[in-house]
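Q: Residue numbers (my numbering), protein chains in the order written: chain G, 1 to 397; chain H, 1 to 259.
Please keep in mind that the hints were generated in silico from the structure rather than gathered at the bench.
Computed from a predicted model, the values in this text were never measured in an experiment.
Hints are supplied without guarantee of correctness; some may be wrong.
Computed cross-link-like contacts, DSS-like style, restricted to lysine-lysine with a CA-CA straight-line distance of at most 27 Å [unchecked claim]:
#, chain 1, residue 1, chain 2, residue 2
1, H, 254, G, 394
2, G, 390, H, 2
3, G, 334, H, 254
4, H, 254, G, 232
5, H, 195, G, 394
6, H, 227, G, 232
7, H, 197, H, 2
8, G, 390, H, 256
9, G, 334, H, 256
10, H, 195, H, 49
11, G, 3, H, 227
12, H, 254, G, 386
13, H, 256, G, 386
14, G, 396, H, 254
15, G, 396, H, 256
16, H, 2, H, 191
17, G, 232, H, 256
Output of the computed footprint for chain H on chain G, the stretches with three or more beta carbons under 8 Å from beta carbons of chain H [what the hints assert, rightly or not]:
#, region
18, 86-99
19, 106-115
20, 180-187
21, 231-243
22, 268-277
23, 283-296
24, 327-341
Cβ atoms here follow ideal geometry from the backbone N, Cα and C, with glycine treated the same way.
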Amino acid sequence: MLKIDKELCIGCGICEEQCAFGAIEVVDDVAVVGDSCTLCGACVEACDPGALTLEIEDAAAKVDLASFSGVWVFCEYRKNSLATVSQELLGIGRTLADSRGVVLSAVIIGSEIGDTAQQLIGYGADVVYKVEHAELEPFTEDRYTKIMTRLIKKHRPEIVLAGATAIGRSFIPGVATALDAGLTADCTGLEIRRDDGALLQTRPAFGGNIMATIECPRSRPQMATVRPKVMKSRDFDVSRSGEVVNVEPTPEELQSRTTVVESVSAQQGNVNIQESDILISGGRGLESEKGFELIRRLAEALGADVAASRAVVDAGWIPYPHQVGQTGKTVAPKLYVACGISGAVQHVAGMQSAEAIVAINRDENAPIFDVADFGIVGDITEIIPKLITKIEEKRKA
Amino acid sequence: MKIVVCVKQVPDAKDVRLDPETNTLAREGVESILNPYDQYALEEAVRLKEQLGGEVTVITMGPPQAQGVLRLAISCGADNGVLVSDRAFAGADTWATAYTLAKAIEKTGRFDLVLCGKQAIDGDTAQVGPGLAMRMDIPYITCVQNVRSADNDGMVVERMMDDGHDVVEVKYPVLLTVVKDINEPRVPSLKGKMKAKKAEITTLSAEDIGADPGSIGLPGSPTQVVKVFPPEPRGERAVFSGTIDEQLDQLVDKLKPYL
């Protein structure tokens, strides 16, 4: 609870200005705290007279933080391929492990993993825990959660990272709950604080309008899921050496209360748009399903994948997995080309972390131009075919 | 069928901005809405009730004014609303929120199915659903895009994966988180609105649910926010000039690194 000492409070209002949540205000020359207080402590630091204090009751059992050591990375393996975020995690994992002077371990779970486990060493791992069994493909929450929880309890790493993929975002929260560990979702920045070696986890919130840095002061491991495409992977190094440890799942760990009866790969183009380097995205401005064909043609010319605004998905021109925005996916490609998309906040929330943004729209006042790096105002049906021709010419040249 | 739907009151995205000078959230004119993903969870619950019979209870953790989203849910077909509200819950992260909701659901009695939206649009974590299921020791399936079939013992659902979808079979009790593709939510009926107005909302405090003080609010949260700041602003937009053809030439030049 935030405690306010009415005797010490001078009613200066500095706390009110400091509060990012509008939770504190000065009424009759005394600060009063409201329901939206998140106990962040910003006001306490700002209060010169020392009228504000945060009373945090100590969590039940103190965890011996120093008894945890090492950085772990979960490497996702599905349908005989490694999710590319795995190499990125090994890249940042290596950096974190080196800065802590500890071992980097990878965990790979699945069926028919083969040489992939060994390859993780070339990407930066010192130790690879390989958990292989026919029952571990396809993924189920129960099996993965039990195995990961057991391994973490046994080896006590201080940091555990996983990709913010469909699988990572599903079972990692279960693991964190089972371990009573802190977990930060969708991190875009990870660094070690010099003073105490704590992991500082930075992530966007409110659709990317706010960034927040989060820590886990009292518990271990410190867990985070990391957005694909944000961290840099290392070049594969054949000369790196390490150890692959085979881990047998127990019969109990192989039990699952859910059963996958069928695993269906998407038929219509690549739907994993969170891993795409270039996205061509179409909106209502294309006017018809036929108009949307232009998006597919431009994507083909650029070797890109296709995305869409909510309006287009709701109209049925393209399936939901391609939707970018608040109720769709959040993407951060190298290049995002928004065609006929007005740029409502709900859409921008899903794409504003793209490296470069191109907007093509008829309406020069469309908000999409506010986030665009390059913009052209005009008729899409005229512009896109011309753009395709020019790109093809450039390629040939 | 006893169905529990977990909902959250969130600020409308279009109003949320951090003042870059003061690093504080803009307060004026911020409207609260029902988290969009939760609307799909609620609609699916009402459809299942219509098909199989039973009762839909909506539950939220939040300040007293969060009962607004409970009434909205009742106007859309839910039967009961439960508000879990206490100053001691302030500062809860996803771990403490999952704990609190689990205790509250336990208090409200037996259930077959718990439905949640995939994530809330303010935090975007997608962690409370799975955490809640783990706490209650029931199976869970995230990102459900379609309920293929459901009867009184269990269901078959399609869940979104990065490369397509998986078809998953499960028996109750189970927790599902749902995505937008699952249905098209109805708008509240006039009759529903009348019912919502008169509905009794049950309010539960930390004491009512028997919560351990060390597991709720900030003291119970393993994660803590150290700093809040605005994202780096994007650079100035390049302005092209000339005819469309000339502008396109300039654009293609800029796109060279991607070709």
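Q: It remains to establish, for every hint, whether it holds in the given structure.
A: Now for the hints, and whether the structure bears them out:
1. Annotation: proposed proximity of residue 254 of chain H to residue 394 of chain G holds, straight-line Cα distance about 12 Å (limit 27 Å).
2. Between residue 390 of chain G and residue 2 of chain H, the direct Cα distance comes to roughly 60 Å. Violation of the 27 Å bound is thereby established for this hinted pair.
3. With a C-alpha separation of about 13 Å, the suggested pairing of residue 334 of chain G with residue 254 of chain H holds against the 27 Å cut-off.
4. With a C-alpha separation of about 24 Å, the suggested pair residue 254 of chain H and residue 232 of chain G falls inside the 27 Å cut-off, and the hint holds.
5. A distance of roughly 64 Å separates the Cα atoms of residue 195 of chain H and residue 394 of chain G; the hinted pair therefore is violated under the 27 Å criterion.
6. Restraint check for residue 227 of chain H and residue 232 of chain G: satisfied, since their Cα atoms lie roughly 24 Å apart, inside the 27 Å limit.
7. The suggested pairing of residue 197 of chain H with residue 2 of chain H holds, with an alpha-carbon distance near 23 Å, which does not exceed 27 Å.
8. Restraint check: the Cα-Cα separation between residue 390 of chain G and residue 256 of chain H comes to about 11 Å, which is no more than 27 Å; the hinted pair holds.
9. A C-alpha spacing of about 13 Å is found between residue 334 of chain G and residue 256 of chain H, which places the hinted pair at or below 27 Å, so the restraint holds.
10. Our distance criterion of 27 Å between C-alpha atoms is met by residue 195 of chain H and residue 49 of chain H, whose separation comes to about 17 Å.
11. For the suggested pair residue 3 of chain G and residue 227 of chain H, the alpha carbons sit about 21 Å apart, so the restraint of at most 27 Å is met.
12. For the hint linking residue 254 of chain H to residue 386 of chain G, the alpha-carbon distance of about 16 Å falls within 27 Å, and the restraint holds.
13. A C-alpha spacing of about 16 Å is found between residue 256 of chain H and residue 386 of chain G, which places the hinted pair at or below 27 Å, so the restraint holds.
14. A hinted pair counts as satisfied when its Cα atoms are at most 27 Å apart, and residue 396 of chain G with residue 254 of chain H qualifies at roughly 17 Å.
15. A C-alpha spacing of about 12 Å is found between residue 396 of chain G and residue 256 of chain H, which places the hinted pair at or below 27 Å, so the restraint holds.
16. Only pairs whose Cα atoms come within 27 Å are accepted, and residue 2 of chain H paired with residue 191 of chain H is accepted, the gap being roughly 23 Å.
17. For the hint linking residue 232 of chain G to residue 256 of chain H, the alpha-carbon distance of about 22 Å falls within 27 Å, and the restraint holds.
18. Under a criterion of three residues with beta carbons nearer than 8 Å to beta carbons of chain H, the stated coverage of the region 86-99 of chain G fails, only 0 such residues being counted.
19. Counting residues of the region 106-115 of chain G whose CB lies closer than 8 Å to any CB of chain H gives 0, which falls below the minimum of 3, so the coverage claim is violated.
20. Interface restraint, the region 180-187 of chain G with chain H: holds (7 residues with C-beta to C-beta distance below 8 Å; minimum three).
21. With a threshold of 8 Å between beta carbons, the proposed coverage of the region 231-243 of chain G by chain H is violated, since 0 of its residues qualify and at least three are required.
22. Evaluation of the coverage hint for the region 268-277 of chain G: fulfilled, as 5 residues show C-beta separations to chain H shorter than 8 Å, against a requirement of three.
23. Coverage of a stretch by a chain is defined here by at least three residues with a beta carbon nearer than 8 Å to that chain's beta carbons; for the region 283-296 of chain G and chain H the count is 0, and the condition is violated.
24. Against chain H, the region 327-341 of chain G contributes 5 residues with a C-beta closer than 8 Å to a partner C-beta. That satisfies the three-residue criterion, and the hint holds.
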